[in-house]
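Listed below are the residues making up each chain.
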Amino acid sequence: MKILVADDSKAMRSIVIRTLRQAGYSGHKIIEAADGAEALGIAKSEEPDLIISDWNMPEMNGLDFLIALRAAEFDTPFGFVTTEASPEMRELAEKNGAAFLITKPFTAEDFQRHFDPFLD
Amino acid sequence: MHIGLAEINAIVENVWASTLGYEAIPVDDPLEIADGVTGSVGISEAGALLGRVYLHCSREVASSAAAVMFRLDLDAVGEQDAADTVGELINMIGGNIKSLLAENSQLEIPTVVIGGGLVPDACVNVCDAYFVAEGGPFRVMLCGMQ
Chain A
1 MKILVADDSK AMRSIVIRTL RQAGYSGHKI IEAADGAEAL GIAKSEEPDL IISDWNMPEM
61 NGLDFLIALR AAEFDTPFGF VTTEASPEMR ELAEKNGAAF LITKPFTAED FQRHFDPFLD
Chain B
1 MHIGLAEINA IVENVWASTL GYEAIPVDDP LEIADGVTGS VGISEAGALL GRVYLHCSRE
61 VASSAAAVMF RLDLDAVGEQ DAADTVGELI NMIGGNIKSL LAENSQLEIP TVVIGGGLVP
121 DACVNVCDAY FVAEGGPFRV MLCGMQ
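So the protein sequences, as listed, match chains A and B. Numbering-wise (UniProt numbering), the first sequence opens with residue 1 and increments by one. Numbering-wise (UniProt numbering), the second sequence opens with residue 1 and increments by one.
So that you can see chain A by itself, here it is in the shape it has in the complex (with noise of 0.2 Å):
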């Protein structure tokens, strides 16, 4: 399975892929994207089965990036992993289409909660 990464902070694309990888999602392809509009176009060639991407980015952010992709009509499955998360970001995400929102710091096992019923 491929998995899509989207952040803008290097360092936060690494804490990802680790907790991944101590939630027990190995074996993956993971590709990472350092903003929305280039997530977008990996999303669109790759096609991933799983997206996880941050709210906050620069070119294009989370949010956009979501809307862009349902537009296009991907139905990947897409959540947030932010730092921010008030009601109405809650609110926006899902109604634009967001499995889940996240908010950072996180612990793998976060992660096996929402991704299980997406990864093996």
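Quick caveat, the hints were computed from the structure, so don't treat them as lab data. Note that beta-carbon positions come from the ideal geometry of N, C-alpha and C, so glycine has one too. Watch out, some of these pointers could steer you wrong.
Claimed, not checked - One side only, chain B facing chain A, incomplete, derived with CB under 8 Å:
| hint | residue |
| --- | --- |
| 1 | 10 |
| 2 | 14 |
| 3 | 18 |
| 4 | 22 |
| 5 | 35 |
| 6 | 85 |
What the hints assert, rightly or not - Far from chain B, some chain A residues (derived; all Cβ distances over 12 Å):
| hint | residue |
| --- | --- |
| 7 | 1 |
| 8 | 21 |
| 9 | 31 |
| 10 | 67 |
| 11 | 88 |
| 12 | 96 |
| 13 | 104 |
Fit chain B to the given chain A structure using the hints.
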């Protein structure tokens, strides 16, 4: 902006344990941190800055954290790795503090300065917290501007 020491201690301990996998132990007395790395992030509401959160640590603390984040040997950690790590840590600390404030407050983009001491903006009130963790001491300061 009225966030106290207890809230900051809890946030920092949680960020260190969850993200780095080791303890940040709060200490009562100020600790000297020479020639460090300083990350800061502003929290604003309707365009007005409510306050700024600072993380000031030694290069050893920043490098130890970066080694965990990037899965590197300590010797292989570069200055940019350490700066990215401090930026992400202050982003998480700031985001968690913001979540305790008004719903429409906003977190700004973090900045990181390598070298020198912590020089805060003009603060109306200050909450200053010191910790000891892998690599040495570090300081988290919340500078309220309203």
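To see whether the hints hold, each was checked on the structure:
| no. | hint | result |
| --- | --- | --- |
| 1 | 10 | 12 Å, violated |
| 2 | 14 | 6 Å, holds |
| 3 | 18 | 4 Å, holds |
| 4 | 22 | 13 Å, violated |
| 5 | 35 | 22 Å, violated |
| 6 | 85 | 5 Å, holds |
| 7 | 1 | 22 Å, holds |
| 8 | 21 | 10 Å, violated |
| 9 | 31 | 18 Å, holds |
| 10 | 67 | 20 Å, holds |
| 11 | 88 | 7 Å, violated |
| 12 | 96 | 19 Å, holds |
| 13 | 104 | 5 Å, violated |
This entry does not satisfy hints 1, 4, 5, 8, 11 and 13, going by the numbered hints stated previously.
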